[in-house]
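Protein chains: 2
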Amino acid sequence: MNKLIRIDMRDLTAVVEDTPADLIGLGGRALTSHIIFTEVPPTCHPLGKANKLIFAPGLLAGTGAPNAGRLSIGAKSPLTEGTKEANVGGTAGQKLGRLDIKAIIIEGKPDSDGFYIIKVDPSGAAIIPAPELSGLGNYETTANLQNTYGEKVSILCIGPAGEMGLAAASIASTDPEGRPSRHAARGGLGAVMGSRKVKAIVIDDAGTKVRKANNKAVFQEVCREFTREIQALKSTGLFRQFGTVGGLSYLSKIGALPTRNFTTGSFEGNAQIGGKGVAELNAGRGGSFGHVCMPGCVVRCSNIMHDRDGKFLTAGFEYESSAMLGANLGIDDLDTVMGMEKMCDDLGLDTMEIGVALGVAHDAGIYDFGDGERITDMIREIGQGTVLGRVLGQGAKITARVFGISRVPVVKGQGVPAHDPRKEIGTGIGYATNPQGADHTGVIIFHAENTAEMVDISRQKQITTCAYDSMGLCQMAEANLEVMAKLVSSFYDWSWSPEDVADMGKSVLRKEVAFNRSAGLGPATDRLPDFFKEEPLSPHEGKFDIPPSQIEKVMDFK
Amino acid sequence: MNKLIRIDMRDLTAVVEDTPADLIGLGGRALTSHIIFTEVPPTCHPLGKANKLIFAPGLLAGTGAPNAGRLSIGAKSPLTEGTKEANVGGTAGQKLGRLDIKAIIIEGKPDSDGFYIIKVDPSGAAIIPAPELSGLGNYETTANLQNTYGEKVSILCIGPAGEMGLAAASIASTDPEGRPSRHAARGGLGAVMGSRKVKAIVIDDAGTKVRKANNKAVFQEVCREFTREIQALKSTGLFRQFGTVGGLSYLSKIGALPTRNFTTGSFEGNAQIGGKGVAELNAGRGGSFGHVCMPGCVVRCSNIMHDRDGKFLTAGFEYESSAMLGANLGIDDLDTVMGMEKMCDDLGLDTMEIGVALGVAHDAGIYDFGDGERITDMIREIGQGTVLGRVLGQGAKITARVFGISRVPVVKGQGVPAHDPRKEIGTGIGYATNPQGADHTGVIIFHAENTAEMVDISRQKQITTCAYDSMGLCQMAEANLEVMAKLVSSFYDWSWSPEDVADMGKSVLRKEVAFNRSAGLGPATDRLPDFFKEEPLSPHEGKFDIPPSQIEKVMDFK
Numbered sequence: 001m002n003k004l005i006r007i008d009m010r011d012l013t014a015v016v017e018d019t020p021a022d023l024i025g026l027g028g029r030a031l032t033s034h035i036i037f038t039e040v041p042p043t044c045h046p047l048g049k050a051n052k053l054i055f056a057p058g059l060l061a062g063t064g065a066p067n068a069g070r071l072s073i074g075a076k077s078p079l080t081e082g083t084k085e086a087n088v089g090g091t092a093g094q095k096l097g098r099l100d101i102k103a104i105i106i107e108g109k110p111d112s113d114g115f116y117i118i119k120v121d122p123s124g125a126a127i128i129p130a131p132e133l134s135g136l137g138n139y140e141t142t143a144n145l146q147n148t149y150g151e152k153v154s155i156l157c158i159g160p161a162g163e164m165g166l167a168a169a170s171i172a173s174t175d176p177e178g179r180p181s182r183h184a185a186r187g188g189l190g191a192v193m194g195s196r197k198v199k200a201i202v203i204d205d206a207g208t209k210v211r212k213a214n215n216k217a218v219f220q221e222v223c224r225e226f227t228r229e230i231q232a233l234k235s236t237g238l239f240r241q242f243g244t245v246g247g248l249s250y251l252s253k254i255g256a257l258p259t260r261n262f263t264t265g266s267f268e269g270n271a272q273i274g275g276k277g278v279a280e281l282n283a284g285r286g287g288s289f290g291h292v293c294m295p296g297c298v299v300r301c302s303n304i305m306h307d308r309d310g311k312f313l314t315a316g317f318e319y320e321s322s323a324m325l326g327a328n329l330g331i332d333d334l335d336t337v338m339g340m341e342k343m344c345d346d347l348g349l350d351t352m353e354i355g356v357a358l359g360v361a362h363d364a365g366i367y368d369f370g371d372g373e374r375i376t377d378m379i380r381e382i383g384q385g386t387v388l389g390r391v392l393g394q395g396a397k398i399t400a401r402v403f404g405i406s407r408v409p410v411v412k413g414q415g416v417p418a419h420d421p422r423k424e425i426g427t428g429i430g431y432a433t434n435p436q437g438a439d440h441t442g443v444i445i446f447h448a449e450n451t452a453e454m455v456d457i458s459r460q461k462q463i464t465t466c467a468y469d470s471m472g473l474c475q476m477a478e479a480n481l482e483v484m485a486k487l488v489s490s491f492y493d494w495s496w497s498p499e500d501v502a503d504m505g506k507s508v509l510r511k512e513v514a515f516n517r518s519a520g521l522g523p524a525t526d527r528l529p530d531f532f533k534e535e536p537l538s539p540h541e542g543k544f545d546i547p548p549s550q551i552e553k554v555m556d557f558k
Numbered sequence: 001m002n003k004l005i006r007i008d009m010r011d012l013t014a015v016v017e018d019t020p021a022d023l024i025g026l027g028g029r030a031l032t033s034h035i036i037f038t039e040v041p042p043t044c045h046p047l048g049k050a051n052k053l054i055f056a057p058g059l060l061a062g063t064g065a066p067n068a069g070r071l072s073i074g075a076k077s078p079l080t081e082g083t084k085e086a087n088v089g090g091t092a093g094q095k096l097g098r099l100d101i102k103a104i105i106i107e108g109k110p111d112s113d114g115f116y117i118i119k120v121d122p123s124g125a126a127i128i129p130a131p132e133l134s135g136l137g138n139y140e141t142t143a144n145l146q147n148t149y150g151e152k153v154s155i156l157c158i159g160p161a162g163e164m165g166l167a168a169a170s171i172a173s174t175d176p177e178g179r180p181s182r183h184a185a186r187g188g189l190g191a192v193m194g195s196r197k198v199k200a201i202v203i204d205d206a207g208t209k210v211r212k213a214n215n216k217a218v219f220q221e222v223c224r225e226f227t228r229e230i231q232a233l234k235s236t237g238l239f240r241q242f243g244t245v246g247g248l249s250y251l252s253k254i255g256a257l258p259t260r261n262f263t264t265g266s267f268e269g270n271a272q273i274g275g276k277g278v279a280e281l282n283a284g285r286g287g288s289f290g291h292v293c294m295p296g297c298v299v300r301c302s303n304i305m306h307d308r309d310g311k312f313l314t315a316g317f318e319y320e321s322s323a324m325l326g327a328n329l330g331i332d333d334l335d336t337v338m339g340m341e342k343m344c345d346d347l348g349l350d351t352m353e354i355g356v357a358l359g360v361a362h363d364a365g366i367y368d369f370g371d372g373e374r375i376t377d378m379i380r381e382i383g384q385g386t387v388l389g390r391v392l393g394q395g396a397k398i399t400a401r402v403f404g405i406s407r408v409p410v411v412k413g414q415g416v417p418a419h420d421p422r423k424e425i426g427t428g429i430g431y432a433t434n435p436q437g438a439d440h441t442g443v444i445i446f447h448a449e450n451t452a453e454m455v456d457i458s459r460q461k462q463i464t465t466c467a468y469d470s471m472g473l474c475q476m477a478e479a480n481l482e483v484m485a486k487l488v489s490s491f492y493d494w495s496w497s498p499e500d501v502a503d504m505g506k507s508v509l510r511k512e513v514a515f516n517r518s519a520g521l522g523p524a525t526d527r528l529p530d531f532f533k534e535e536p537l538s539p540h541e542g543k544f545d546i547p548p549s550q551i552e553k554v555m556d557f558k
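Protein chains in written order, with the working numbering: chain A, 1 to 558; chain B, 1 to 558.
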């Protein structure tokens, strides 16, 4: 991939540059975090004009490698006030790869209030006024754009949440069926896009082909072997059967499922909103499992959920959404939880951050756990932009501030996702140290014997995840360093060793940590909130008791 | 002063201890910041149970030294999330000195929801349930307590803002007339007090006497000389004539008066809401000037403002309040501004933070500058605890977050007070580097020739201010290091040199900076927001253009 597209929203210009030599080895998160580190003033306001929003497909995008189509999106985060990368499935990553586009970098803000779209195709990029899209949800936005640009384009877009500058605003990405069901959810990147007055990016790769490997025979053989490995994963079988939500009852059983604002780790309604629930419901309504969210996926963890009338409701009803909007709010009615998830999809909201924020809001005494109707109304308020809606849409930390609540499950301002760190201690070490804040990717550790082991596993997992995110690989594919080295080496004719892949991962973490420090986030922001250390988590009475001296070892590597 | 009173709100106990040897040389801010540094876990939630709220009179409290009755209050701040000291006039500091109380330290939180008062007198301290005070404003609270405990007691109390945990909540202190007109305003200490369920502290010093100096003759002579020096200050004359608001027209004239959300530095209505306005209004209504806010004050900068009916409205109508609630919101009607100030007094709100927050809220399009009626309603909403009210009551940074606004005049989360740093560059250096966040005390520099000089003056000013705040001295008295050394040396029979006083000031700053770092506030939080560097300030077109390399020199001292 050779082209860097720089969009300047001040004067509405798009410039296509050749990729400079020092960026050629970078893709996905390695590239977004590098550009943030080198080009974004660390103390700038995330919604101010100096921030940049970067879209970068992974090194393997558009190559035909399995599970390698994820798109990294990065900026200084309005949620954490530090560096941010969120990656997303859908079709955009692969198309950008085929278009030979290394990254799209959106800079500056226009003076006027109207929204624009950016159209990207083999001829370059154009910035087109689109005032008619203002205020539309993601589904209407994508339908409108597909009407104009055809059903085969990929669309990256924001809903009303991003337009309003809410720090829980996501950037949606259309799936192979053209639905905006996938989200670069975490960290408020949708708000950064909204602040630049970009409503959508339309990507048309008509006429392009799969990228050619330098060493085609080896590359294809590595891909075949990797495909077999993915297919053989035990988790792949589970995911194809139920989607990721299939794991919910297990998490409840081991007592790690955030329930009722993290007051317990098991939810009595786990069957209803977990794998059993979605399977029974789909059997009667015509929904289905085993879909892909991006071309080239072997795992097929995406589900299609139908409503009571047997019509499409939502795709990619994930574990994290069901956990944080369901168990964490005490709701065991699957239709209600799916309805909330669909609203978040359409408004362009991170279901995790909203689930955590709503959980915190319970302590303000404004609703009762399990009151799906009231809670649904509160999500509706986010879309309406009422003051309460805006507060919730700014995430858990702000919701707690506004209501004077001191028990706040956030790290670096980002809501803790659906693995309680008191049961999953190793995961908690990752929440504390991940430069992205409490994140659900790259830090989950179910099994580890002792603290030192957890520290090592967490570090290694975060390094490897940086590599996945830079290749464009889905974490569900569980690539190891060796296969990643073989994939890029055969495709690019590089000679990367597994150590080279790890070194790239380390380099990403180093830049991310350095940016955070320069942004004012000191080492002491690498901590979990006190209540995880103090309140035992029923039913297993666990606490997060890892001392700072151990936590500090995670990012201490050469 | 020998007694430390530790109040544990978990079990409602009060323990009186002798002051440990290592704390004897510390008073006021030196003591509050030391206890925060040594006893408060830096990453704790400010409203959580691990935070501590410390009240410490200065070393010269109760001694008869002029202008030495200020009381320091400290805690980890819910506004800045760093260390916080706010000091306040009124009668409490002197009474605590006479009671031989070095500090009151409030720890823990009760399990129940009801509020308490703490009664302090020569016999010790008692914690008394006071559910009847819940929800009351400061005026009703103090009237109620004076009814019970007599008119001569000092009262430190919070209004509804503190009860709600708002980060702009102040702690009020009664003046010599028993009015809760003085406020430890900045940093949300009222919210920390509210979170501990303490509505008020009642201080009864009946039967106590002025503290005796070790070297009485020298101490009295130093006091007399210092009194003459204070009386000779040009500013003292101005303050006695109009109060501090007398300076407003000058600030407007030089173009440093924050006006309409910091969009210009001059306000056409400056005469109406400045010295001329208050003088004319008082002449017709029976208000007056030249009052003291604390016993022993020589400056006498407090004014008494009456309403249209000639009745008492507010005391201590200060420059900062008139600037931030008047000019910064485009309101030139003095009665409206005074009415807003009185509401803040009664609700227990920092007028500066609220003025900055309301200014920012303008950019959300929810009111027009100058619309006093609408703006007054918004302050009313803070007291009512509506969601909008709570947002505003959390201060400027949260208001900006909720409404997606990126132009935010805050440093370390604290609203910039009434000296625009684009005109007062040296003041801006202080805003950036002060461990307290953007503060109106200890950083104001009107005249300096060049950057290096400003850096030196700012450092020296902050060190000296730490010394004032540790002695209990009002900054208006402009004590120099020498007089401070003489005062404590003759009173305590210590042999402090001016360098020793400066060393104490330096030690305070060091501990405050260290606590901030341990709380996660990295060096990069020592910055002004970008718009002060980018938007020229009319009418003089100044910008704040000091590079970080210079800013970093301020706290770089031995």
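Treat the hints as calculated values from the structure; they're not laboratory data.
The reader is advised that the hints may include incorrect statements.
[As the list claims (entries may be wrong)] PhoX-like, lysine-lysine: derived pairs with alpha carbons at most 20 Å apart:
#1 LYS49(A) - LYS543(B)
#2 LYS49(A) - LYS109(A)
#3 LYS543(A) - LYS533(B)
#4 LYS533(A) - LYS49(B)
#5 LYS109(A) - LYS533(B)
| field | Ascending list of hint numbers which this structure does not respect | value | Hint 3 alone not satisfied by this model.
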